[in-house]
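There are 4 protein chains.
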Amino acid sequence: MTEIPHRQLTHDPNRLRDIAHVGPIELFTPVLEETRDFFVDLMALTEVDRDGDSVYLHAWDDYQGYTIRLVQREQAGIGCTFLRAASPAALEREVADIEASGFGRGWVDDVRGLGRTYLFDDPDGHPMGIYWDVEKYVPMDDAPSLKNQAAKFPGRGANVRRLDHVNYLTREVPAVSDFLRDTLGARCTERIVTDEGADAAIWFSVGQKSYDLVYTKDWTGANGRLHHIAFATDTREDILRACDVFLDAGVHIETGPHKHAIQQTFFLYVWEPGGNRIELCNAGARLILDPDWQTVNWTSAERAKGQAWGLKTIESFHTHGTPVIEGV
Amino acid sequence: MTEIPHRQLTHDPNRLRDIAHVGPIELFTPVLEETRDFFVDLMALTEVDRDGDSVYLHAWDDYQGYTIRLVQREQAGIGCTFLRAASPAALEREVADIEASGFGRGWVDDVRGLGRTYLFDDPDGHPMGIYWDVEKYVPMDDAPSLKNQAAKFPGRGANVRRLDHVNYLTREVPAVSDFLRDTLGARCTERIVTDEGADAAIWFSVGQKSYDLVYTKDWTGANGRLHHIAFATDTREDILRACDVFLDAGVHIETGPHKHAIQQTFFLYVWEPGGNRIELCNAGARLILDPDWQTVNWTSAERAKGQAWGLKTIESFHTHGTPVIEGV
Amino acid sequence: MTEIPHRQLTHDPNRLRDIAHVGPIELFTPVLEETRDFFVDLMALTEVDRDGDSVYLHAWDDYQGYTIRLVQREQAGIGCTFLRAASPAALEREVADIEASGFGRGWVDDVRGLGRTYLFDDPDGHPMGIYWDVEKYVPMDDAPSLKNQAAKFPGRGANVRRLDHVNYLTREVPAVSDFLRDTLGARCTERIVTDEGADAAIWFSVGQKSYDLVYTKDWTGANGRLHHIAFATDTREDILRACDVFLDAGVHIETGPHKHAIQQTFFLYVWEPGGNRIELCNAGARLILDPDWQTVNWTSAERAKGQAWGLKTIESFHTHGTPVIEGV
Amino acid sequence: MTEIPHRQLTHDPNRLRDIAHVGPIELFTPVLEETRDFFVDLMALTEVDRDGDSVYLHAWDDYQGYTIRLVQREQAGIGCTFLRAASPAALEREVADIEASGFGRGWVDDVRGLGRTYLFDDPDGHPMGIYWDVEKYVPMDDAPSLKNQAAKFPGRGANVRRLDHVNYLTREVPAVSDFLRDTLGARCTERIVTDEGADAAIWFSVGQKSYDLVYTKDWTGANGRLHHIAFATDTREDILRACDVFLDAGVHIETGPHKHAIQQTFFLYVWEPGGNRIELCNAGARLILDPDWQTVNWTSAERAKGQAWGLKTIESFHTHGTPVIEGV
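Protein chains in written order, with my numbering: chain A, 1 to 328; chain B, 1 to 328; chain C, 1 to 328; chain D, 1 to 328.
Calculated directly from the structure, the hints in this document are not laboratory data. A couple of the hints might just be wrong.
The list makes no distinction among identical chains, and a pair is therefore deemed to hold if it is satisfied within one copy or across any two copies.
Pairs of lysine-lysine residues, derived as BS3-like cross-links and limited to a Cα-Cα distance of at most 27 Å, are as follows [as the list claims (entries may be wrong)]:
no., residue 1, residue 2
1, LYS152, LYS312
2, LYS312, LYS136
3, LYS305, LYS217
4, LYS136, LYS147
5, LYS136, LYS217
6, LYS152, LYS217
7, LYS152, LYS305
8, LYS147, LYS305
9, LYS147, LYS217
10, LYS312, LYS147
11, LYS136, LYS152
A quick note: this is a predicted structure, and the numbers were derived from the prediction, not measured.
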């Protein structure tokens with residue numbers, strides 16, 4: 001079999017890894033209270049604050065003050081994604097790189113819970129910010145017994161431990177891919193390439209998790225949309241238990257539970273009441289420890305086999321994103 | 001309660017993190033073939049090579065050519081621990097730092113499967129080496145179906161995915177602690193402090209796993225000994241299944257399964273036929289994503305509560321190390 | 001090794017199995033509301049009714065109207081255990097046998113949710129009742145999505161599916177053993193025998209579960225006390241999750257999680273706020289399908305090995321029962 | 001919604017339950033050694049004997065001498081299903097009933113491992129036998145550590161504990177249904193009814209497991225075929241682990257893992273090398289303890305929702321049975 005002559009995504013191993021992780025993020029919903037209840041009652045996040053049209057939610061082992069800010073908007077979708085720099089020096093290096101890229105928007109100091117934050121857009125127009133200083137989580141009535149844990153173990157519903165990754169839709173994949181590698185210093189661990197050698201989806205990692213930022217080509221040609229956000233559970237059993245919880249709560253289970261061939265994540269996809277797709281994911285003990293990991297390229301022939309254990313990818317996975325674009 | 005005035009272990013967040021991960025390692029055993037069978041039949045490693053008095057074993061998702069080298073010796077214990085640098089430049093920086101520390105021993109180029117390797121000792125005398133170039137695993141008859149995995153999924157026994165960490169015994173903890181932080185650039189995520197404020201055990205992390213290198217004070221006053229090496233499983237259920245496998249294989253189960261309060265790892269400890277203590281561990285989705293994580297200090301009063309769910313620490317945990325020192 | 005000449009417990013395979021299952025039961029507590037909250041918040045039962053000094057609780061897949069009746073009393077302990085007959089004809093046969101045994105107390109028709117019920121005592125004085133007609137569970141706001149399930153899946157805490165068994169303390173084991181076999185038609189699947197050949201504990205089954213009614217010799221010489229009641233979870237992971245829930249709720253975890261050698265149950269023991277010992281148990285797919293199963297006898301030498309994976313039996317397991325007898 | 005006026009399946013609760021369980025069974029395969037390797041290497045059964053064109057396999061906690069007899073035949077399919085009577089008296093009652101039904105074929109005494117066995121056919125022509133005396137399993141080199149277990153815990157692959165049920169195809173469902181209830185004394189726990197009120201599939205239980213014998217209408221109009229046989233695992237995690245094992249062994253995974261709406265079983269379906277469909281199943285702690293359980297009837301509208309968590313039933317589930325009938 002001849003290998004497809006696709007773009008190489010080789011990274012420079014000496015490039016410093018200046019982003020520590022993804023989060024917090026903003027999520028838009030047209031039904032704020034219903035979305036809030038979904039996350040609190042079924043996903044086991046805690047409401048930690050609210051102001052104006054926003055509710056701040058915290059996942060039980062997030063060391064930061066909040067994990068998601070839900071924002072009332074006419075349409076569902078993703079707001080700003082905040083990235084924590086790996087160090088004060090890393091923040092300076094990153095801001096210089098972003099400014100040089102032309103995607104920078106400047107410093108602000110009014111993001112709740114974060115220190116001075118430099119805002120920018122990714123090449124597809126998704127708003128982002130990078131920061132170093134952050135208010136850490138201070139438990140109220142949810143103090144944990146074990147002091148190496150952010151908050152009390154909720155033990156309800158999907159019981160998600162933390163935010164895991166964001167999967168964005170993008171009009172063009174290559175420009176984003178270059179930006180992630182060259183400007184943000186992230187590394188592409190896996191990728192879908194079309195028969196023509198084009199990138200159709202890319203999975204980038206900023207640390208040792210196998211991915212943190214994912215981009216999929218938007219079939220509508222629109223910009224700035226969301227495919228899904230994902231939360232990590234401690235076990236696959238948490239996900240199986242969540243299935244029964246979602247079933248009885250009337251939540252739309254889109255597909256799963258099953259295991260992805262790409263990245264091998266055990267997954268479940270549901271739609272929260274506002275329409276955003278939410279993934280529950282568990283990677284087991286899989287990490288990308290190799291600092292020189294070479295991008296794994298998946299062809300359409302390989303994709304045709306379905307997920308790891310044979311499940312076919314569901315149609316709506318290729319047609320539903322937020323905000324929803326009618327008639328496309 | 002007054003806080004104990006123990007040594008501060010604050011790290012400099014701008015210090016580059018120049019070690020990618022731990023492994024491969026050398027393990028000594030007086031009963032080479034029995035130890036080999038333990039790892040192959042019950043832990044699900046694969047024998048990939050042997051020469052002279054050594055057997056090379058590979059865990060199914062280790063991207064490197066081998067995970068452990070078993071070496072026939074009169075006494076059990078730990079041989080050399082190899083650390084992979086985070087990049088070629090990181091290797092140069094680390095070697096400069098190690099040489100400056102006075103613990104360096106010089107370059108060699110004959111370690112199986114590794115490129116040019118710089119050897120050194122930790123302050124307690126455990127031999128170590130650091131390298132960048134490495135031969136990656138090439139499956140023979142164990143090619144996996146999913147190409148983002150190192151080898152075929154064995155599905156037997158404890159089915160360990162990869163090496164997780166090494167827990168060394170050391171005569172003095174503080175010197176090692178300084179070396180790990182200042183020379184190796186690792187970070188202390190958790191620690192046991194005595195009522196007098198001294199370090200009794202330290203857990204250091206080189207990446208986003210919550211720990212990679214652990215040192216516990218050696219009650220015998222000896223140098224260079226091993227407390228245990230640990231392997232990661234994908235699920236807690238893998239560990240529960242392993243319990244039944246070990247029971248029927250006549251393996252000594254020392255303690256567990258249970259959950260550590262420190263680091264929250266779900267664990268099982270057994271002794272391999274050569275006498276080395278082996279841990280199976282699962283961390284769920286717990287990672288240390290905070291690049292500015294402050295060391296968690298555990299006091300003896302907190303330790304007296306036992307493990308997370310109340311199990312008392314077993315006596316032999318404080319008396320058994322390898323090599324065994326008779327009469328101490 | 002010479003086999004101990006203990007009492008034989010052979011059953012007559014032609015003896016009809018006239019009891020279908022155990023439950024509902026009554027549990028006494030000096031702190032009714034705290035005990036109620038333990039069962040509702042942490043075990044995932046639902047309060048379905050209350051009257052006077054009683055609260056009725058329902059486990060989510062119990063087909064009957066309630067699973068336990070909590071009763072406010074000065075001291076913790078077990079009240080009446082109700083047994084459902086296997087058929088109307090079986091009820092008549094059982095009542096005739098019980099009356100013949102001299103332990104009968106007569107018919108009543110005022111037990112909540114049950115039809116005509118024949119009351120009796122076991123030989124140790126624990127009150128019991130047997131019935132055929134029963135009000136089945138009718139969901140209120142907890143209707144399940146799947147109509148082959150009694151109520152909605154709660155997905156919180158230990159999430160117990162149903163009552164599993166009761167373990168009573170008894171002054172004399174043999175008399176109880178004969179009554180269970182000869183009068184109730186239950187079968188002894190496993191047993192602890194002392195070095196003198198006496199029965200120290202007996203596990204009796206009424207159907208295909210490996211045990212339903214357990215009696216342990218009461219070290220105090222008292223009558224009518226309780227060792228523990230047990231609830232079944234669907235998975236071992238439910239029990240592991242419950243450990244973290246109990247830890248953060250301040251519940252006393254007495255011992256576990258671990259696996260019993262006897263009956264092989266994966267277990268956790270906690271004390272509810274009223275002081276009664278509660279077990280969470282999971283048997284996997286283990287059933288006693290053999291209608292001619294021969295009692296497994298465990299000697300003290302075998303018991304000395306501890307539980308299946310080596311855990312030593314905790315001291316309080318031999319000293320705590322309810323009601324608590326001071327000074328014994 | 002008007003209820004469909006389908007056949008009532010009410011059982012007489014006083015009818016004695018004279019069958020203890022299903023098994024052993026005979027399975028036909030055109031590739032005896034490959035089928036044997038599938039069961040031994042991947043399912044964790046043990047080869048205990050072979051003669052002529054047969055191999056006898058034992059699941060690790062089957063108390064009987066063997067679980068399946070594999071028989072070399074030109075075509076895959078099911079051979080004789082043996083049922084153990086609940087007692088010697090039950091055997092006599094059952095044989096009288098079967099003889100009265102006209103489906104009896106008479107006594108034989110040459111079935112391996114079984115005592116005197118009465119042979120008969122179900123109304124669709126599947127051969128069956130009923131017996132009381134049986135040779136229990138005697139471990140060779142697979143003696144378990146715990147003496148309440150039939151054999152050593154294998155800890156490999158799907159690690160199935162025991163046979164669970166058989167799902168037959170039948171030309172006509174009602175005749176089989178009457179035979180199961182009236183002659184064998186089994187009870188219909190769940191059922192699929194067509195919009196016309198006809199039975200399309202029936203799940204019958206002989207004890208407290210929710211089903212043991214299942215019949216599905218054969219779309220080809222043929223007799224005596226097999227839909228699948230199922231083996232029980234202790235955990236859902238065993239099934240998830242098996243998925244990866246099957247993936248790497250090249251076994252055809254037909255559908256799953258997922259949870260059935262009917263009977264709520266967590267399932268995986270694969271095809272063994274001979275073409276027979278094999279299910280791995282886990283029921284959690286679900287049992288039918290109610291001796292007066294009323295048949296749950298599933299309509300085509302309910303079936304259209306897919307499995308419990310929304311998976312659509314795979315097409316081949318309605319087209320593949322063994323022996324395969326070409327061109328239908």
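A quick look at each hint next to the structure:
With identical chains, the CA atoms of LYS152 and LYS312 are at most 27 Å apart between copies only, with a shortest distance of 23 Å across copies and 38 Å within one. For the identical chains of this complex, LYS312 and LYS136 are neighbours neither inside a copy (42 Å) nor across copies (32 Å), given an alpha-carbon limit of 27 Å. With identical chains, the CA atoms of LYS305 and LYS217 are at most 27 Å apart within one copy only, with a shortest distance of 20 Å there and 31 Å across copies. In the homo-oligomer, the alpha carbons of LYS136 and LYS147 lie at most 27 Å apart inside one protomer (14 Å), although the nearest pairing across protomers, at 39 Å, exceeds that limit.
In this assembly of identical chains, LYS136 and LYS217 lie within 27 Å of each other by CA distance neither inside one copy nor across copies; the values are 35 Å within and 32 Å between. Within a single copy, LYS152 and LYS217 get their C-alpha atoms no closer than 39 Å, and across copies no closer than 32 Å, so neither meets the 27 Å cut-off. For the identical chains of this complex, LYS152 and LYS305 are inter-copy neighbours only, at 18 Å across copies versus 42 Å inside a copy, given an alpha-carbon limit of 27 Å. Proximity of LYS147 to LYS305 under the C-alpha cut-off of 27 Å is restricted to the inter-copy arrangement: shortest distance 13 Å between copies versus 45 Å within a copy.
For a Cα distance limit of 27 Å, the shortest separation of LYS147 from LYS217 across copies, 23 Å, qualifies, whereas the shortest one inside one copy, 43 Å, does not. Taking identical chains as interchangeable, the C-alpha atoms of LYS312 and LYS147 lie at most 27 Å apart only when they sit on different chains, with a minimum of 19 Å there against 43 Å within one chain. In this assembly of identical chains, LYS136 and LYS152 lie within 27 Å of each other by CA distance solely inside one copy; the values are 15 Å within and 37 Å between copies.
In summary, the numbered hints that this structure violates are 2, 5 and 6.
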